[in-house]
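Once you have looked at the hints, place chain B on chain A.
Residues per chain are reported as follows:
Protein chains: 2
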Amino acid sequence: MMNDFSFQNTTKVHFGKNAVDKMAAEISKYGKKVLLVYGGRSIKKYGLYDKVREQLKDFELYDYDLVKPNPRHTDINEGGRMCREYGIEAVVAIGGGSAIDSAKAIAGLAKADTQNCWDLVEAKKPIMNALPIFAVPTMASTGSEMDASCVISNLETEEKKGYNGPALRPTVTFDDPTNTFTVPAYQTACGAVDIMSHTIDTKYFSRDDKMDMLYRMMDEHLKTVVKWAPVAVQEPENYDARANLLWAAAWALNSFMTCGVRQFTSVHAMEHELSAVYDMVHGHGIAILMPRWMRYILNENTAPQIARMAYNVYDIPADMPVMEAAEKAIECTEELFFDTLGLKSHLSEMGIDDTRFEEMAVNACGAAGVIHGYVDLTPEDVVKIYRMCL
Amino acid sequence: MMNDFSFQNTTKVHFGKNAVDKMAAEISKYGKKVLLVYGGRSIKKYGLYDKVREQLKDFELYDYDLVKPNPRHTDINEGGRMCREYGIEAVVAIGGGSAIDSAKAIAGLAKADTQNCWDLVEAKKPIMNALPIFAVPTMASTGSEMDASCVISNLETEEKKGYNGPALRPTVTFDDPTNTFTVPAYQTACGAVDIMSHTIDTKYFSRDDKMDMLYRMMDEHLKTVVKWAPVAVQEPENYDARANLLWAAAWALNSFMTCGVRQFTSVHAMEHELSAVYDMVHGHGIAILMPRWMRYILNENTAPQIARMAYNVYDIPADMPVMEAAEKAIECTEELFFDTLGLKSHLSEMGIDDTRFEEMAVNACGAAGVIHGYVDLTPEDVVKIYRMCL
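Order-wise, the sequence lines are chains A and B. Just so we're aligned: the first sequence equals residues 96 to 485 in the working numbering. Just so we're aligned: the second sequence equals residues 96 to 485 in the working numbering.
Hints are computed from structural coordinates only; laboratory data are not their basis. Please read these numbers as outputs of a predicted model, since none were measured by experiment. Check before you lean on any hint, since a few could be wrong.
Put simply, identical chains are the same to the list, so a pair is met inside one copy or across any two.
[Claimed, not checked] With a Cα cut of at most 16 Å, we get these calculated EDC-like pairs of lysine to aspartate or glutamate: (1) K112 <-> D99; (2) K322 <-> D307; (3) K146 <-> D158; (4) K479 <-> D449; (5) K423 <-> E395; (6) K163 <-> D374; (7) K117 <-> D99.
For reference, chain A alone in the conformation it holds in the complex (with noise of 0.2 Å):
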């Protein structure tokens, strides 16, 4: 039977064409001291940020330009010490997860009791308090800017966490499709990958029993990144294609499908690692990963949720036996991740060998020594399902 659930999702999207153009309206209604949170070079290439200055003329702006793709504790005391020093009223991120997540941390410890936002993490109270927070996401592949998370790293322990609470989520995203007609191919493939893994790792596959209108759109989510981010791809213009994935990104993590599943995440705990070892994109790491975690724990308890998505989201015919079914559907993954998006496959390729896998496993594992998901994976496991991937 599915389990019980609450859910709540308050962020105010604008989305379209002139999203941007709402924002003066949204952020007046919450003050005139706003701290502009963004990092990488394309905003400013590409007129967005000469856009959101214009936008906001009348506000008194400040710039806060040291995000990175894995934004850094000490970078985020310095934004919550510029919060205090200007006395800032409203954050307003403008690029990918990163700069999102850059935002949702530094406005919660704005407001916090400490000037440390590594104190938050390690108190894992949920976030009640923190500045209004303003996205303008510039890529489609965390859904940051409607979720209430946000992941920080520590250099100094060599840790990757974040914080998490109501206060966190948006208050307005400003979603333009247009703002990400210049993501390259690799970034919009990369981008897709982590999009259907936030369905697949969290939440497609699982052990709760499922309600079934939010499984059958689970499978119409990754139909639509299926079809789309191909064209997006070979496209990077297409309107159609950038919107699908956009609302697509938000849709993976905003808590719509997810109501009643218990959310895992087996293949982010293993990707974390790639990450933090070899600096891998985090939706690369995903795509190398995926498919040979599903084929690990392909059995015969597995495979009709894992066939389910041959069925629904790939179109093989119903009759074809469950288990191969399953098998068609790792086969497709693959296809879809590797050939038609065109990421590189194997670990090899990008000159990783096996040297860390033991120590990477035990880490991915943690303190509980195992990874808890649709199947547990022990560090064993872990180096196994990292080898298939060589």
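For chain B alone, kept in the frame of chain A given last:
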């Protein structure tokens, strides 16, 4: 190209077998003086009323028991008076759409500058201020528990209109599928038709380009009802059936799937006249009208959208030609509503003849003289559709 859109739905949902147990904690954030809004005797008969009173035993409770199938504006005014007299701080609806709509109408009136709710109807301004609204739905039907509008009737002017605005969206809804176990087969069937109509009538058939992902979700939303409504009618205590229908009801109107689609309501406009003149149950009126309307508007332009329903909702093979598939979709809909769910299929079976059709058609078309929709309908069109229902 798809339209731009804005989306926000702030309602918190507690969904499951013990949802009502969370009432005291949620409502106590807003105050102690609570107006209980209900009407039907069934909530007393089956113990839900006592369960809510027990849950709220530390609150100061006032009873508004005037809810009727079509909430009357004079009753709402009485509710507003009670709120002012007793200093009500929160309004709790227990019941179906009429109870929840009544609570919303009262909550808005309580904070308005007038003591007559019809002034709010005529002002046609979004309601930005209201008492906090809490809902305990006992039927899967209108989805009022997650939307921001209410409909009330003025018996003096023979009008059925409403008001809406962000302040009318329930703060928290407590959705326990077991609270719908006692809904009789006929009401269950009418509710299911209502849920489907909120997707079909307002967005599934429409002139606007739909976002592919959301169009797919509409398919699955409809499939969910097609699958589970017959089960709920046959097995009233089937939890999965009741849960899927209850959540599908909310999703039909909580704006998730509507994004970017202008909403029309052709069938609803025609049905309002049946309800008004013959006091017909809304969902039953919709059931009789919907397939006839589909048949009336079927032509080469509309066939692809109607055929989609055959392929994607009723699992008709994709190689059936479009026009044939569109006709099949209409037949399947009739079969579902009339054979499987057991609703009477003709107005004549309900003692209704054509004597008032012309007058009703003029009223349905309103001041504009036309029902704007997927296909615009003149009074002559509407009379023809009514005749198809005889």
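To see whether the hints hold, each was checked on the structure:
1. K112 <-> D99: The answer is between: 7 Å across copies meets 16 Å, while 38 Å in one copy does not.
2. K322 <-> D307: between (23 Å within a copy, 10 Å between copies)
3. K146 <-> D158: within (15 Å within a copy, 55 Å between copies)
4. K479 <-> D449: within (10 Å within a copy, 75 Å between copies)
5. K423 <-> E395: within (15 Å within a copy, 38 Å between copies)
6. K163 <-> D374: Classified as within: same-chain Cα gap 12 Å, cross-chain 64 Å, threshold 16 Å.
7. K117 <-> D99: Between. Shortest inter-copy distance 12 Å satisfies the 16 Å Cα cut-off; intra-copy 37 Å does not.
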